[in-house]
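Q: Spelled out from the first residue to the last, the chains are:
Protein chains: 2
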Amino acid sequence: MQEFTDRQIEIMEAATNRISKFGIQNLTIKTLAEDIGLSEPALYRHFKSKNQILWSLLEYFKTEMENRIQSIPFKTSTSEADKLRAIFNSQLQTFVNKPAIVSVIFAESIFHYEENLSNKVSEIMDMMQEFVKANIIKGQVKGQYNKLIGSSTLTTIIIGGMRMTVLKWKLSGHKSNLVKDGKTVLEGILKMIEIK
Amino acid sequence: MQEFTDRQIEIMEAATNRISKFGIQNLTIKTLAEDIGLSEPALYRHFKSKNQILWSLLEYFKTEMENRIQSIPFKTSTSEADKLRAIFNSQLQTFVNKPAIVSVIFAESIFHYEENLSNKVSEIMDMMQEFVKANIIKGQVKGQYNKLIGSSTLTTIIIGGMRMTVLKWKLSGHKSNLVKDGKTVLEGILKMIEIK
DNA sequence: TTTTTGCGAGTGAATACTAACTAACATAGT
DNA sequence: ACTATGTTAGTTAGTATTCACTCGCAAAAA
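One line per chain: the protein sequences are P and Y, in this order. Using this note's numbering, the first residue of the first sequence is number 5, and each one after it goes up by one. Using this note's numbering, the first residue of the second sequence is number 5, and each one after it goes up by one.
Since the hints were derived computationally from the structure, they do not count as laboratory data. None of these values were measured; they are calculated from a predicted model. Be aware that one or more of the hints could be misleading.
[Claimed, not checked] Now the stretches of chain Y that chain P is said to cover, found in silico as 3 or more residues with beta-carbon under 8 Å:
{"id": "1", "region": "20-29"}
{"id": "2", "region": "47-61"}
{"id": "3", "region": "135-147"}
{"id": "4", "region": "193-200"}
Glycine included, each C-beta is placed from N, C-alpha and C at the ideal position.
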């Protein structure tokens with residue numbers, strides 16, 4: 005298990021914010037050092053390379069996300085649909101609290117050239133897909149969801165719809181209501197698959 | 005209306021290919037010139053800046069896409085669902101024929117720092133959304149689609165599902181069957197909204 | 001002859017990263 | 001209690017390399 009120092013976390017958060025505000029092109033060791041109020045070489049005391057700053061940042065968020073979702077408390081009586089609602093609510097709320105994260109997590113393309121980074125982004129996406137797919141399968145087995153559509157296709161639709169909502173929120177300059185819009189999309193899909 | 009010379013189109017296609025293969029970070033005037041077999045200054049005979057190469061490339065594809073979709077022949081008797089099928093089929097087929105385009109069109113984040121470029125990407129996305137939303141509204145008015153979900157939300161779900169399918173195809177290294185997977189997703193959604 | 005399209009050889013500004021050094025502090029041996 | 005030694009976290013001043021872009025000139029096309 006990775007552990008990070010306070011300074012490392014400070015650096016990772018500053019990096020996330022800069023990417024969110026000005027894009028990855030503007031994330032340089034120089035601008036990053038200025039944001040924190042340190043010299044460039046000081047950053048190299050805490051990370052051995054720029055790549056490692058980005059990698060750690062992704063790892064840090066992945067762990068946070070995994071822990072947060074897995075520790076959502078469910079009663080045994082909770083329906084699969086309600087579990088799905090809780091997972092997405094938690095996820096979208098996190099994005100609202102820290103909008104900068106979205107720019108990094110939803111950016112398969114920006115790390116295209118650095119294999120270890122794009123792999124980390126894929127890992128995060130896969131994790132989210134696993135949560136959703138497991139939910140769908142369970143719900144279909146339990147007879148809570150209909151079986152009009154296969155679980156893989158349904159997962160693609162749900163994750164796709166949510167990602168699209170987040171993208172629109174980002175393009176609106178975070179002015180739209182992400183939690184509400186996300187809920188609307190999810191309820192729409194549930195309306196079509198849930199058996200009441 | 006913009007017109008491009010043969011040489012300009014050659015440059016734009018080479019740029020698209022390089023972005024697709026190695027990411028935008030690797031698209032430099034030098035590598036681009038080498039791909040075409042010209043010197044760096046020669047490129048500046050055809051475009052006044054690197055930004056303009058990227059802008060033109062987006063404009064070029066946007067126009068192509070608009071014309072292609074609008075010239076799909078429909079009989080008056082064609083159902084809205086069949087129109088939607090035809091539009092997405094045409095779009096996905098274009099991606100399969102020129103996979104490099106996807107890296108550029110689906111890359112809101114890579115142009116984050118250059119306003120005129122991210123605006124162009126938004127324009128392309130908006131255009132696609134308009135086509136879909138118009139189709140949904142018409143279908144609901146004609147009673148071909150049910151009204152369980154509002155047209156905006158449904159548009160988000162459809163576009164989101166298709167984008168997700170394209171993203172998965174890209175991450176698979178273009179090994180999955182995009183046209184087939186896209187059709188499955190669309191049929192899944194139609195199954196839930198179409199009134200037969 | 002004039003215009004178009006190419007070239008070799010640059011330019012200044014960034015970029016990630018390094019070298020050499022230092023002040024502040026912790027710890028261990030006597 | 002005092003000194004020797006090592007560590008942590010920072011500094012200033014660089015390095016080599018890469019970047020988008022330009023200048024002056026030639027050859028070819030119109």
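Q: With reference to the structure, classify each hint as holding or not holding.
A: Here is how each hint holds up against the structure:
1. 20-29: holds (count 4)
2. 47-61: Violated - the region 47-61 of chain Y has 0 residues with a Cβ nearer than 8 Å to chain P, which falls short of three.
3. 135-147: The restraint on the region 135-147 of chain Y is violated, since only 0 of its residues have a Cβ under 8 Å from chain P and three are required.
4. 193-200: holds (count 4)
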